[in-house]
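S.K.: Could you build all of it, start to finish, from the sequences and the hints given here?
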Amino acid sequence: MRAFLFPGQGSQKLKMGLDLYQNFTEAKDVFDEVDSALSQNLSSIIFGDDADALNKTENTQPALFAVSMATLKVIENQSGKKITELCDMVAGHSLGEYSALCAAEVMPISVGARLLKVRAKAMAEAVPAGLGAMMAIIGLDIDTVRKVCEKASTETEKCSVANDNCPDQIVISGHKSAIEKAEGIAKEMGARKSVILPVSVPAHCPLMASAKEVVEEALSEITLKNPIVSFVSNRTAEIATDAKDIKEHLALQMVNGVRFRESVDFMISKGVDNFAEIGSGNVLSGLVKRCTDKAVSTPVGSVETISEFLKTL
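Counting in this note's numbering, the sequence shown runs from 1 upward without gaps.
These aren't lab readings, by the way, just hints derived from the structure by calculation. As the structure is a prediction and not an experimental result, all values here were calculated from the model. Hints may be right or wrong, so weigh each one.
As a list, the in silico DSS-like pairs of lysine-lysine whose alpha-carbon atoms are at most 25 Å apart [to be verified]:
id: 1; residue 1: Lys-56; residue 2: Lys-121
id: 2; residue 1: Lys-270; residue 2: Lys-294
id: 3; residue 1: Lys-247; residue 2: Lys-225
id: 4; residue 1: Lys-225; residue 2: Lys-270
id: 5; residue 1: Lys-28; residue 2: Lys-81
id: 6; residue 1: Lys-81; residue 2: Lys-270
id: 7; residue 1: Lys-15; residue 2: Lys-121
id: 8; residue 1: Lys-311; residue 2: Lys-28
id: 9; residue 1: Lys-193; residue 2: Lys-181
id: 10; residue 1: Lys-56; residue 2: Lys-28
id: 11; residue 1: Lys-270; residue 2: Lys-244
id: 12; residue 1: Lys-176; residue 2: Lys-187
id: 13; residue 1: Lys-15; residue 2: Lys-56
id: 14; residue 1: Lys-158; residue 2: Lys-147
id: 15; residue 1: Lys-81; residue 2: Lys-311
id: 16; residue 1: Lys-121; residue 2: Lys-176
id: 17; residue 1: Lys-225; residue 2: Lys-82
id: 18; residue 1: Lys-311; residue 2: Lys-289
id: 19; residue 1: Lys-193; residue 2: Lys-289
id: 20; residue 1: Lys-151; residue 2: Lys-181
id: 21; residue 1: Lys-151; residue 2: Lys-193
id: 22; residue 1: Lys-147; residue 2: Lys-181
id: 23; residue 1: Lys-176; residue 2: Lys-56
id: 24; residue 1: Lys-81; residue 2: Lys-225
id: 25; residue 1: Lys-147; residue 2: Lys-121
id: 26; residue 1: Lys-270; residue 2: Lys-82
id: 27; residue 1: Lys-176; residue 2: Lys-193
id: 28; residue 1: Lys-311; residue 2: Lys-82
id: 29; residue 1: Lys-247; residue 2: Lys-121
id: 30; residue 1: Lys-294; residue 2: Lys-311
id: 31; residue 1: Lys-147; residue 2: Lys-187
id: 32; residue 1: Lys-294; residue 2: Lys-13
id: 33; residue 1: Lys-225; residue 2: Lys-244
id: 34; residue 1: Lys-121; residue 2: Lys-151
id: 35; residue 1: Lys-147; residue 2: Lys-193
Here are the simulated distance ranges between beta carbons [said to hold, decoys possible]:
id: 36; residue 1: Ala-124; residue 2: Arg-192; range: 28 to 34 Å
id: 37; residue 1: Asp-141; residue 2: Glu-105; range: 35 to 41 Å
id: 38; residue 1: Ser-44; residue 2: Ala-129; range: 25 to 31 Å
id: 39; residue 1: Ala-129; residue 2: Glu-85; range: 43 to 49 Å
id: 40; residue 1: Asn-274; residue 2: Pro-108; range: 23 to 29 Å
Yeah, the Cβ is synthetic: ideal placement off N, Cα and C, and Gly gets one too.
M.R.: As structure tokens, then:
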């Protein structure tokens with residue numbers, strides 16, 4: 001069985017997807033559709049030379065989404081197969097859930113792009129600059145990291161698990177003061193390494209409460225369809241089949257952690273032994289490798305890697 005995975009923030013790079021844009025009409029159509037939906041020439045930022053512009057959250061999220069959707073359309077068109085014939089499950093990491101949902105025909109590309117623009121803007125505005133932070137902890141299991149967060153948190157300044165990525169890499173998020181305290185506690189509890197991440201937004205924690213409300217409101221104004229292929233939610237690490245539940249999960253995702261490790265374990269328990277990372281980079285493929293030795297994961301996001309992937313179908 002095969003699952004398609006869709007990357008999240010941190011997988012972006014300048015000129016990602018450019019070779020697809022230049023070689024496939026179906027890919028160009030996706031970038032043009034996203035540009036039109038946002039009333040913005042996002043493609044010029046993606047294919048340009050200004051890393052700061054691409055790394056701005058409001059651009060990063062729809063940009064990664066556009067590359068994933070362009071990659072998927074090329075795979076579908078070049079193989080002559082529908083998503084239901086290409087994979088058995090889909091899942092995404094954080095913003096990658098929107099890519100996974102578009103792949104499962106829950107929403108059209110234009111709607112996904114606009115939702116991510118709203119989501120990113122709300123996240124950027126949710127917390128004053130310098131108040132929040134995120135930190136990756138290497139070498140501790142999830143239960144120990146939760147204890148680290150409990151010890152580092154006070155009534156007014158808190159941190160919590162943001163991304164359970166793989167057995168020994170967990171990201172926490174929250175007030176900067178709590179994160180800094182957690183760094184020392186993690187070391188005391190045996191962490192091999194702790195790295196404060198170069199981000200301005202403390203994602204997937206209660207500090208995103210106002211962003212959650214904005215996303216909820218945006219979702220209330222659109223109609224989602226039920227997925228045509230099994231969709232594994234970040235929120236539950238299980239299959240979500242109902243559009244109403246998916247809306248709720250996308251909102252709750254804003255203030256709760258991404259359960260990626262558990263999602264991989266769930267998919268493997270259902271028989272998945274082959275993952276394809278659709279879009280920019282190879283971050284998720286690396287995480288899958290660290291999660292399990294029972295499956296392989298292949299990055300698919302360029303003319304060359306798509307060509308190799310098509311040979312396996």
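S.K.: Enumerate the violated hints, using their earlier numbering and listing them in ascending order.
M.R.: 25, 32 and 34
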